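Just so you know, we're using my numbering here: the sequence shown kicks off at 4 and counts up by one.
Read the hints as simulated data drawn from the structure, not as lab findings. Quick caveat, the model's predicted, so the values are computed rather than measured. Any given hint could turn out to be false.
Lysine to any residue pairs mimicking SDA-like chemistry, simulated, CA-CA at most 25 angstroms apart [what the hints assert, rightly or not]:
hint, residue 1, residue 2
1, K374, A351
2, K498, A545
3, K255, G205
4, K728, D613
5, K423, R435
6, K625, F615
7, K728, V885
8, K509, M499
9, K616, A351
10, K72, N90
11, K396, N367
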Amino acid sequence: MVKRQDDSRKGQAMKDIEQTLRECEERFRDLVAFTSEYFWEQDEQFRFTMITGSNVDSNGPRMKIMAGKTRWEIGGTPVGDGGSWENHKHHLAAHKSFADFRYSRRDPVAGPITLSTSGKPVFDPQGNFMGYRGITRDITKVIREERLLELSKKVHQILTGTDDLKQTLQTAMQAICNVEGWIAGQFWKVDAERDVLQFEVGWYAQTLFLPESRTVFSRGVGFAGWVWQNAQPLWIPDTSVDPRVFNPSLMKRMNWNAAFLMPVTSAGEIIGVLGFFAEKIHEPDPPLLQVMSLLGAEIGHFHQHSVMVAKLRESEDLFHSTVDHAAICIVHVGQDDRITKANQATCALLGYTEAELIGMTFRNFTHPDDKEVTTALRDQVWAGKIDFFRSEKRYLHKDGHAIWVSISSSIKRDSAGNPKYAIVAFEDITARKQAEQAVQDSEERFRSLIELTSDGYWEKDTEYRFTRFDSKNEALQQSLRDRFIGKRSWETDMKMVDDLDWDRLKEAMDSRASFRDIVSFTPLPDGSRRYTSISGQPIFDADGRFTGYRGLSRDVTPEKQAEERIRHLATHDRLTNLPNREMLSQLMNRAIQTSRRYRRRFAVMFIDLDGFKQINDTLGHKGGDELLIEVTERLQRILRASDVIARLGGDEFVVLVHEIREENQVAVIANHILASVRQPYLIQGKECAVSASIGICIYSSKSQDEQTMMKHADTAMYLAKERGKNNYQFYTGDVSSESILRLELEERLRHAIARNELSLHYQAKVDFQTGGITGVEALLRWHNAELGDVSPAKFIPIAEQRGLMIAIGKWVLQTACAQLKTWQAQGLPPVCVAINLSQSQITDSGFIRELESILKEIGISPEFLELEITENMIMSNTELVVARLAALKQMGIRIAIANFGTGYTSLAQLRNFSVDTIKVDKSFIHDMASDRRDLAITEAIISLGRNMGLTVVAEGVESAEQQAILKQQSCDQMQGYFFSKPVAPDEFAAMLIRQQQAPRS
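Between the sequences and the hints, there should be enough to build the whole structure, so can you do that?
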């Protein structure tokens, strides 16, 4: 009985053991089924006795090849450092465990594969060796990924190792071809001007090369053109059958039987196409595509970066004139690492003004984690160990946000090779960095979407009703939920900036399309608006059914307010905040339309300030601006709210007077303006006075458009100036033809220099004692194709009044000095050239600097130049003119007073002026033989000049009698038709030659 019970217990125990064994085997089979690895066992001869795994069929080809064979009998090649069959056999013979033994072989199912196997020896209870058991896994993909990663690193090293564009691209293409087994690589660059892909560089493993393979592709034509147009890679497994191959026969001759092409991008734009070619037919390789897309962006960045560096070096000498307009950021850095110059792009990118950046170091705005990134490279550049360096790091915007930049830095050295300053160029690559991050992390797209908004995230149902609103601002979130939940957009208080956007929004949602940046606004209690930019995309469930919309809203009120400010600045004068010429044109056209429709009248008053230029020249632009602001305020106090004041620029104002019934109404307003404007002004502590000349044109329904009215008002204003200034004139059909001719003359004179209509004639000055030429005066002449020769007495006053004399005077100085240089080069006797200065030139703040530049550029010594001014010019602004004359004398230039005796210069004043010569006005010379008063004045001037040690020149000498009288009075020199009229440069040169060749007595 006891024995039966014991046997029963033993039987039950065996059943339990068998059940446990079955469960273990079942768990083992389940584990094997869920892994790509397979498990094996070998006997003591190392032959496979058991192989099991999810990818091993007991009757399949893998089992047939492996069963009963050793690992080396199956075939394959060990890979990795130190890997060999001999080493492996040695491990097995020693009955040692081994791990991660790698070898490659051809699999009957998967083709070429790489395997990693690990195993340990098995012994029976008595310690006898029974064989091995272990695990093998397919690491083909891992090896592939490692190789692609190594390729990526190698290409990156190539691109960052040099700035030789073509050599670097060739080396990079060679590296890619060597790793992937391609036999050729080519790069076509986008030629934006011709809109084609132009071959730039290639690499070829074979000696066979046909020039016609460097084809130029148009957009969409050929495989490269297809990639350019579609902005996506193209894998051609077999070039003999793909219709996009531009020349199949050429591909065959080149043995290019497979191709892979990809766009090369920089800053989101395609800058070229990179292509690779293989002898064997290649099927698409997704991992390679992913890596090559990143390499394409990096190659694109390198290409653009290399171009940028090359351009930077070529244009270094032009930096100061172009840097402020460069699209890239450019900075000068001194040897103390402090910024000395920053262009506008730098300021825009970093948020600082140039004044704030100057004196800062790059460490001041470098991200804390990146401060040491370029320290060593910077030190090597300064030390001359390397010519330049290129790197990437993060800067911090003034408001705190980070900006990724690509940096290039080089040193500007002097002729001795000593460093002067560093030139640092960088550009924003934040977008590229974000794109790279997006590739590495598939969820970056959602985070980027969330970052697009400063307000909230929303969702809608299938009927477009809001179902959700989230915002970081809790108060705003509750407000939005109260106003929007359960409603459609058009059922809320939201309004569109453009009413057509409602239709666009509905059309987009009805077609299940995404929409971006639709701008709406909400009226606020204070009368202002809150603008919001809305973007959204449709939502579909797993079955593809439309379930609604989700999107983001962003507060764009500051941007819209900025746009309003920009529009205001575009239509208003910045100094006075009055409407400018553009806005005036709109207002006048509106007034004309209103007048035509309702038969109403309005007037245009063209106001020009008399005497403003003198104040502006004396007190500077700041003083002039203060005066213009005061004039504006006075006009605003006089005029009605319905009237409009505009400033055209300078000292020109225009007033639109609406709803007038009779001319007298406008005359009253004009008189008020005249009276107000001529009241004294206190500018910079000095009392100043100006007056106004006003031209008035009243709208007539017969004819006038905006331009005609402005022209008529301008003509009437000139008439007011001609009639003594400080008055107003109405434009009528009887306005003198002289005023119209004056305007026509002014218009032609504005183009005289450009049309080469101006010239200089030269009139000799002669010594009374020797009869020889001592100098010459340059006299301006104007010949117009339609008007003929125009008298200087006609056009010079117009040029002076209309601000043309500065440009004309500069031309005269340049031309006369150049002519003098020519005479000197011809070996002619040296003479001093006298040039007349205008009031505009002598009071111009930049005149001295401009004159110095002309003399230096042409190479004329100042002693050969004499500048003539009039007495009236001295008396109009004594303090300023005295300072200018002193500066000219310090330069070594001679000064003459022309038309002496016609002004009011006193002897006491004359002593204060740095004058060398006085010229007796020809009005005294003309009648001195018959008029005792003229003779007495002439004698007095000559005596005055002699006593003060000045040279005296008589102007307008036309007869022998005049010459004799002047010689008797010991006048120094004469000038006039008696000796020579003004002549062309060649004629005057001939006169000098004749004098040089004449025998001396």
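For the pair supplied as a hint, K728 and D613, confirm whether the alpha-carbon distance does not exceed 25 angstroms. Status holds; Cα separation ~7 angstroms.
Agreement of K498 and A545 with the hint, judged by alpha carbon distance not exceeding 25 angstroms: Measuring from Cα to Cα gives roughly 35 angstroms; hence the hint is violated.
Can you confirm whether the C-alpha distance between K255 and G205 stays at or below 25 angstroms? holds (18 angstroms)
Pairwise hint evaluation, F615 against K625, where the allowed Cα distance is 25 angstroms at most: Between K625 and F615 the Cα gap is close to 13 angstroms, so the pair holds against 25 angstroms.
Taking only the CA atoms, is the gap from K616 to A351 under or equal to 25 angstroms? Measuring from Cα to Cα gives roughly 37 angstroms; hence the hint is violated.
Decide if the proposed pair is consistent with the structure: K72 and N90, CA atoms, cutoff 25 angstroms inclusive. Holds, at about 18 angstroms.
Below or equal to 25 angstroms on CA atoms is what counts here, so check K374 against A351. Distance ~22 angstroms between K374 and A351 Cα, so the pair holds.
Are K509 and M499 close enough, with their CA atoms no more than 25 angstroms apart? holds (13 angstroms)
Taking 25 angstroms as the top limit, are the C-alpha atoms of K423 and R435 close enough? violated (33 angstroms)
Next pair to validate is K396 with N367; report whether the Cα-Cα distance is within 25 angstroms. Since the Cα atoms of K396 and N367 sit roughly 14 angstroms apart, the hinted pair holds (cutoff 25 angstroms).
Decide if the proposed pair is consistent with the structure: K728 and V885, CA atoms, cutoff 25 angstroms inclusive. Measuring from Cα to Cα gives roughly 28 angstroms; hence the hint is violated.
In terms of the numbered hints stated before, the structure departs from hints 2, 5, 7, 9, listed from lowest to highest.
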